[in-house]
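Protein chains: 2
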Amino acid sequence: MKITILGCHSATPTVSQHPTAQVLEMKGHLFLIDCGEGTQTQLRKYRIKFSRIKHIFISHLHGDHFFGLPGLISTFLLLGREAELHIYGPKGIKEAILLLLKLGKTYTNYPLYFHELEDTSSQMIFEDEKVSVETIPLDHRIYTNGFLFKEKPDDRKLNVEEARKLNIDLSYYNKIKQGFDVENKDGKLIANKDITFDPPPTKSYAYCSDTAYNPQMVPQIENTTVLYHESTFLEEHHHLCDKTKHSTAKEAAVIAKKAKVETLILGHYSGRYGNLELFRKEAQEVFENVELAEDGKHFSF
Amino acid sequence: MKITILGCHSATPTVSQHPTAQVLEMKGHLFLIDCGEGTQTQLRKYRIKFSRIKHIFISHLHGDHFFGLPGLISTFLLLGREAELHIYGPKGIKEAILLLLKLGKTYTNYPLYFHELEDTSSQMIFEDEKVSVETIPLDHRIYTNGFLFKEKPDDRKLNVEEARKLNIDLSYYNKIKQGFDVENKDGKLIANKDITFDPPPTKSYAYCSDTAYNPQMVPQIENTTVLYHESTFLEEHHHLCDKTKHSTAKEAAVIAKKAKVETLILGHYSGRYGNLELFRKEAQEVFENVELAEDGKHFSF
Numbered sequence: 002m003k004i005t006i007l008g009c010h011s012a013t014p015t016v017s018q019h020p021t022a023q024v025l026e027m028k029g030h031l032f033l034i035d036c037g038e039g040t041q042t043q044l045r046k047y048r049i050k051f052s053r054i055k056h057i058f059i060s061h062l063h064g065d066h067f068f069g070l071p072g073l074i075s076t077f078l079l080l081g082r083e084a085e086l087h088i089y090g091p092k093g094i095k096e097a098i099l100l101l102l103k104l105g106k107t108y109t110n111y112p113l114y115f116h117e118l119e120d121t122s123s124q125m126i127f128e129d130e131k132v133s134v135e136t137i138p139l140d141h142r143i144y145t146n147g148f149l150f151k152e153k154p155d156d157r158k159l160n161v162e163e164a165r166k167l168n169i170d171l172s173y174y175n176k177i178k179q180g181f182d183v184e185n186k187d188g189k190l191i192a193n194k195d196i197t198f199d200p201p202p203t204k205s206y207a208y209c210s211d212t213a214y215n216p217q218m219v220p221q222i223e224n225t226t227v228l229y230h231e232s233t234f235l236e237e238h239h240h241l242c243d244k245t246k247h248s249t250a251k252e253a254a255v256i257a258k259k260a261k262v263e264t265l266i267l268g269h270y271s272g273r274y275g276n277l278e279l280f281r282k283e284a285q286e287v288f289e290n291v292e293l294a295e296d297g298k299h300f301s302f
Numbered sequence: 002m003k004i005t006i007l008g009c010h011s012a013t014p015t016v017s018q019h020p021t022a023q024v025l026e027m028k029g030h031l032f033l034i035d036c037g038e039g040t041q042t043q044l045r046k047y048r049i050k051f052s053r054i055k056h057i058f059i060s061h062l063h064g065d066h067f068f069g070l071p072g073l074i075s076t077f078l079l080l081g082r083e084a085e086l087h088i089y090g091p092k093g094i095k096e097a098i099l100l101l102l103k104l105g106k107t108y109t110n111y112p113l114y115f116h117e118l119e120d121t122s123s124q125m126i127f128e129d130e131k132v133s134v135e136t137i138p139l140d141h142r143i144y145t146n147g148f149l150f151k152e153k154p155d156d157r158k159l160n161v162e163e164a165r166k167l168n169i170d171l172s173y174y175n176k177i178k179q180g181f182d183v184e185n186k187d188g189k190l191i192a193n194k195d196i197t198f199d200p201p202p203t204k205s206y207a208y209c210s211d212t213a214y215n216p217q218m219v220p221q222i223e224n225t226t227v228l229y230h231e232s233t234f235l236e237e238h239h240h241l242c243d244k245t246k247h248s249t250a251k252e253a254a255v256i257a258k259k260a261k262v263e264t265l266i267l268g269h270y271s272g273r274y275g276n277l278e279l280f281r282k283e284a285q286e287v288f289e290n291v292e293l294a295e296d297g298k299h300f301s302f
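Chains A and B, in that order, are what the protein sequence lines are. Numbered according to this note's numbering, the first sequence spans residues 2 to 302. Numbered according to this note's numbering, the second sequence spans residues 2 to 302.
Extracted from the complex, chain A is given alone in its bound form:
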């Protein structure tokens, strides 16, 4: 599981501070999460192949999370894309994108599907054999979802040596990997656990931005491998959270601790802070394993 931060700053972009966008690589998928202005340029800068992106998840319709989407969709068109593109985002996103394309008499040459969200409870919005994606309802000024990406377990690993020793026919090997007990050539039932190893543990990624402190999400994200949680402010500016519906680094850490996640990544920093290490320091008073998002940074788990 790899995460590339394309932008992790709040509100207005500057030359060195890009608005929110990130790419999650999970089981062969390349998921784009949020798409602030300039995301297509950041994708080019970090050499992420456009054609590998088939699913884009938009948390909410504030500009710093989606004003890069019309340009990205148009660029896909100009580059002659043929592959499907699926966009998951709040109701209204389809109308906005289609209006912009229509004004430019620009029509996609590839299948473009919108999956509009309006539920306020968690929904499974994508699932295949390898991963699932659920919404995480968040508490922001407008309708906002986080996203929980979960790997599904791989097949069990066959202990070939043991299977031979126990005289099991080759033709059963696939069934064994799927978890079945099987009979050996002598008609004896062999327990699956005696001839397999556990697959590697599955990983999961919870993306939560933008949101006020929202402990209601804790049960859903419990034991998540990595939690990306916004930390727009430090505690010294906690009074700004009520109005803006954002969180502090400490609040992000409290969520991480309650949910017993392995790693917390902080991001969506307000432009008022010069030193991002202050975010880590504040969060680590509550939760040890804290990473700081930075534009262009890669994380592997």
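Some clues are possibly wrong.
Each pair may be met inside one copy or between any two copies, as identical chains are not told apart.
Below, simulated DSS-like cross-link-like pairs (lysine-lysine); rule was C-alpha separation at most 27 Å, straight line [stated by the list, open to error]: (1) Lys244 x Lys106; (2) Lys244 x Lys103; (3) Lys103 x Lys246; (4) Lys246 x Lys106; (5) Lys298 x Lys46; (6) Lys92 x Lys106; (7) Lys103 x Lys92; (8) Lys95 x Lys106; (9) Lys178 x Lys189.
For the record, the hints were derived by calculation from the structure and aren't laboratory data.
With chain A held as given, fit chain B onto it using these hints.
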């Protein structure tokens, strides 16, 4: 008259090639012309004060000329702008911008005026004491206007020495600068031309992008100081102009020559060309005084 090129490349932005946007400084005004994705970042990079921009002119509604506008408008809001903002662009631009703001429950705290264009003949769209702006109808795949910015002449310069010598009362000096003949203290009528100098010649700027070769614009832009004319292609790719409704460097030069402009600036280059000097070379076979737009380049006239 100063022009700052923020972006001069066609279609899809890259890390080093920005889509169309430029700033024209004329008689104290700072006009933003077109606003491709990333324009707000380019404005910051070249230290152009946001608050000085009060008029934005959008040629047409292709993404590479206006997908930076929603973000710029939102940023003005976040920065607490209070000054009026006037946007001139094709019909539909208001609906698009207001929809995007509405989806984000973002409302401007400053007066935002849209001046929607749909005429196919030239219109005067802005005028004050110092400058005027007219549309230049262009020939592109969708409804597109260029813009002709013209300085108005300054007052005539008073020849103080001569005025004293001719015994003219001080109270007439303002009238003289405005071009009137006046009586001197002896009751004799003094011709204005005897006591004034001509003001500096006025300057003008014609912005023409995007457009196919369109000699119909020539009478309107005759004797313009500077013509910015798109040159998406070189003649070797002339066959692409018909379908895309763009021009070659040579065609831009033919327009410049016919219109007897002083300087031609080329821009809106297709990404297929590595060496921009080829554009200058091709154009100079027709018209001598050719400049190449480059992102971040300033021109003073």
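### Query
Which hints from the list above does the structure break, by number from lowest to highest?
none
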